[in-house]
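Residue numbers (full-length UniProt numbering), protein chains in the order written: chain A, 1 to 437; chain B, 1 to 437.
Hints are computed from structural coordinates only; laboratory data are not their basis.
Careful, some of the hints might be misleading.
A pair counts as met if it fits within one copy or between any two copies, since identical chains are not told apart.
[What the hints assert, rightly or not] Each computed SDA-like pair below joins lysine to any residue, with the alpha-carbon atoms no more than 20 Å apart:
hint, residue 1, residue 2
1, 72, 344
2, 82, 14
3, 383, 167
4, 156, 407
5, 88, 304
6, 380, 144
Protein chains: 2
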Amino acid sequence: MRVEEFLRERGIGVGDYVRIIKQEGNKEIIYEGIVMPPYELSSGETLVIKLDNGYNIGVALGKIKAIEVLEKAKVKPEVHFKALIEGKPELPNVTIIGTGGTIASRIDYETGAVHPAFTAEELAKAVPEIFEMANITPKLLMNILSEDMRPEYWVKIAHEVAKALNSGDAGVIVAHGTDTMGYTSAALSFMLRDLSKPVVLVGAQRSSDRPSSDAAMNLICSVRMALSDAAEVMVVMHGETGDTYCLAHRGTKVRKMHTSRRDAFRSINDVPIAKVWPDRVEFLRDDYRRRSEGEVWVDDKLDERVALVKVYPGMSPEIIDFLVDRRYRGIVVEGTGLGHTPSGLIPTIERAVQEGVAVCMTSQCLYGRVNLNVYSTGRKLLKAGVIPCEDMLPETAYVKLMWVLGHTDDLNEVRRMMLTSYAGEITPYTRFDTFLR
Amino acid sequence: MRVEEFLRERGIGVGDYVRIIKQEGNKEIIYEGIVMPPYELSSGETLVIKLDNGYNIGVALGKIKAIEVLEKAKVKPEVHFKALIEGKPELPNVTIIGTGGTIASRIDYETGAVHPAFTAEELAKAVPEIFEMANITPKLLMNILSEDMRPEYWVKIAHEVAKALNSGDAGVIVAHGTDTMGYTSAALSFMLRDLSKPVVLVGAQRSSDRPSSDAAMNLICSVRMALSDAAEVMVVMHGETGDTYCLAHRGTKVRKMHTSRRDAFRSINDVPIAKVWPDRVEFLRDDYRRRSEGEVWVDDKLDERVALVKVYPGMSPEIIDFLVDRRYRGIVVEGTGLGHTPSGLIPTIERAVQEGVAVCMTSQCLYGRVNLNVYSTGRKLLKAGVIPCEDMLPETAYVKLMWVLGHTDDLNEVRRMMLTSYAGEITPYTRFDTFLR
Chain A
1 MRVEEFLRER GIGVGDYVRI IKQEGNKEII YEGIVMPPYE LSSGETLVIK
51 LDNGYNIGVA LGKIKAIEVL EKAKVKPEVH FKALIEGKPE LPNVTIIGTG
101 GTIASRIDYE TGAVHPAFTA EELAKAVPEI FEMANITPKL LMNILSEDMR
151 PEYWVKIAHE VAKALNSGDA GVIVAHGTDT MGYTSAALSF MLRDLSKPVV
201 LVGAQRSSDR PSSDAAMNLI CSVRMALSDA AEVMVVMHGE TGDTYCLAHR
251 GTKVRKMHTS RRDAFRSIND VPIAKVWPDR VEFLRDDYRR RSEGEVWVDD
301 KLDERVALVK VYPGMSPEII DFLVDRRYRG IVVEGTGLGH TPSGLIPTIE
351 RAVQEGVAVC MTSQCLYGRV NLNVYSTGRK LLKAGVIPCE DMLPETAYVK
401 LMWVLGHTDD LNEVRRMMLT SYAGEITPYT RFDTFLR
Chain B
1 MRVEEFLRER GIGVGDYVRI IKQEGNKEII YEGIVMPPYE LSSGETLVIK
51 LDNGYNIGVA LGKIKAIEVL EKAKVKPEVH FKALIEGKPE LPNVTIIGTG
101 GTIASRIDYE TGAVHPAFTA EELAKAVPEI FEMANITPKL LMNILSEDMR
151 PEYWVKIAHE VAKALNSGDA GVIVAHGTDT MGYTSAALSF MLRDLSKPVV
201 LVGAQRSSDR PSSDAAMNLI CSVRMALSDA AEVMVVMHGE TGDTYCLAHR
251 GTKVRKMHTS RRDAFRSIND VPIAKVWPDR VEFLRDDYRR RSEGEVWVDD
301 KLDERVALVK VYPGMSPEII DFLVDRRYRG IVVEGTGLGH TPSGLIPTIE
351 RAVQEGVAVC MTSQCLYGRV NLNVYSTGRK LLKAGVIPCE DMLPETAYVK
401 LMWVLGHTDD LNEVRRMMLT SYAGEITPYT RFDTFLR
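Kindly produce the complete structure, drawing on both the sequences and the hints.
The following block contains the structure:
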């Protein structure tokens, strides 16, 4: 049976507040929430309801043992959604820039399939809450899989963000696939200069084995953060697997640490900026950049001839040589431990530096800080001209080196800029409690 | 003043049990322990004492406010150490194979410098406890920095381990630098077949800013584990930053996750095999391989023409093409998210597979499981012939692919072997509580 028929037979309408008893094996589970509109592209055998916590769940019709209307919808849903998306002068403006990925798409709670759709009405049907927080302007800038994100798109996104902020938005949200969100957040962190308002990247980690998506809560929390006092580029994603709170991570210190969990995004070597609850922001630190007046501008000079290379036992120097021969201008090495490579790579790295290639060292441990002064290999690498990137993430160092090489040819200046923290990418001291959190 | 003079003036001898009051700023810290012998190569201005918990600390002479002998040494230390290292028929035999790195070296608690020295007497002076647990035979097989470890050395170590086990050792310990210990433990896991006794890799994470080393406790716990019932290749390192317990990690599921912390080693997507206290082993799971009779043998066929490649936004396909042109036989890709690459790499990967290169997919998230069935990019990669490595670590997949390619040319057989768990490298189901632990 299709959802429309199921509802019609029982006199239930979209927007009604219902109680459902779901049969799960020999257990009964009770849900209470608002009936959501069925989506035309779904197979129509799943009823979606929005729980009180803002979380949408899908229940297969076959598993519904009983359904009861607790409260009828006060207005017709069409009227409701229309009123919702009308501009309200008392609310701040927030643009949501869609770039592709799960969250920028119609949320089909049933099949897990991704349908590009990004109108205000679509958004209002999926996450009405955000329209009560701000005048939301969705803008589908591109529709690109996260894994296909490229430096040229970072530039495009940066300009779109700046345009929205400089047109009076209180904050801007970038809806982005999760695979490479950390790379894009780092890129925006370096390119958006004199940032005076929040820029929030948000995505959804929905995995196919779950009945529900994290998109709704992530989006609600991202709007909450976009209205906050933090003038930073941030990633807002689930802080726990449950729908309790999100975390706002600094854009240069965040990494996807799990293939599928909702709480996959983690601050590395750093404390998140804030816990974000659907109804409030709880700052976890005091040293964030504050909201201010003034226009943001885009420093979009990037040199794409940069490679990120992880080293390992048995690695041949020919891979580094190849990059030098191919006229790469920068190589970020993901070394072992404190920032080491097999000794056999050192002459190759020396040659690279002599030919003007900027070679930067990070650690494949991810946590901790590169230190080339402790062991002899490190000292040899230093002597060869390697730039030790402190506690910077390899991915952030890769993005930053592109940006730095867009500004200078001089290796001394490259070193100076790589070791200057422009967007919190280097912390002077790593807090003990930031390991594996 | 030098330590010898300092002790002589006060009538204190090596082996005496003392109480020290140390002035630290305007705080006083009290230590009680056994006076350790000064090492000839140290500058001699630091007194090393062994605390009751087996932990050695160095105290600068200038900071010692008071020192008092609580109990005189019962025997002269020379006599004591000699008796200690004498073979005792009632004790089991354990060989400690030295390969280089911090722990296989003389422990200079003062300068942090590393002196190759690996005699029984040296070990007995540093960690007398282990000689009370077993007849310890130290054997310096090589003296190689961890970052210079290479597949040919893995083979050498594997044969040395097998020789010791088949000569009646109860277990074997491999002292190894920490940078690449996870790679070596994976290699030994695949090469040591029909393993019937414990093989323990152990190292020290001592960082120069700490007054003390983790070498002693790690070594004590590694002997404890080598005498246990677990016939596995394991890494034994600190479980917390304090000297409470070590963890025994399965050799294929362990990774150095911090550049410098003592508790840097973590099981990824898996529960450690055991908590190891200096005086007991507390197993954390039941599904480990049990000690048994029978000889271990070494399956040391490796093909070194394998590369590990991390992908990133903006990556050029030319790097993959280069590896194919250079006749690499295997490439382990560290993809994004569930195991994706930029779409632009897919034709190149397709070409690689067509030319007979085994291309295996892992995730740079590290935690979680590759799944190429969820998104279109994944399905295209599957169609191109990529082998999805489940929840295997990228580093383990790299080592395993070398080993697999040492056994077969046939890509179907490579796939079958890569997806067969030979040493716990693939788990059928990832426990929820293994994320960031």
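Each hint tested on the structure:
1. 72 / 344: neither (73 Å within a copy, 52 Å between copies)
2. 82 / 14: within (15 Å within a copy, 86 Å between copies)
3. 383 / 167: neither (49 Å within a copy, 46 Å between copies)
4. 156 / 407: Classified as within: same-chain Cα gap 18 Å, cross-chain 49 Å, threshold 20 Å.
5. 88 / 304: Answer is neither; intra-copy 43 Å and inter-copy 65 Å both fail.
6. 380 / 144: Close across copies (16 Å), not inside one copy (43 Å); limit 20 Å.
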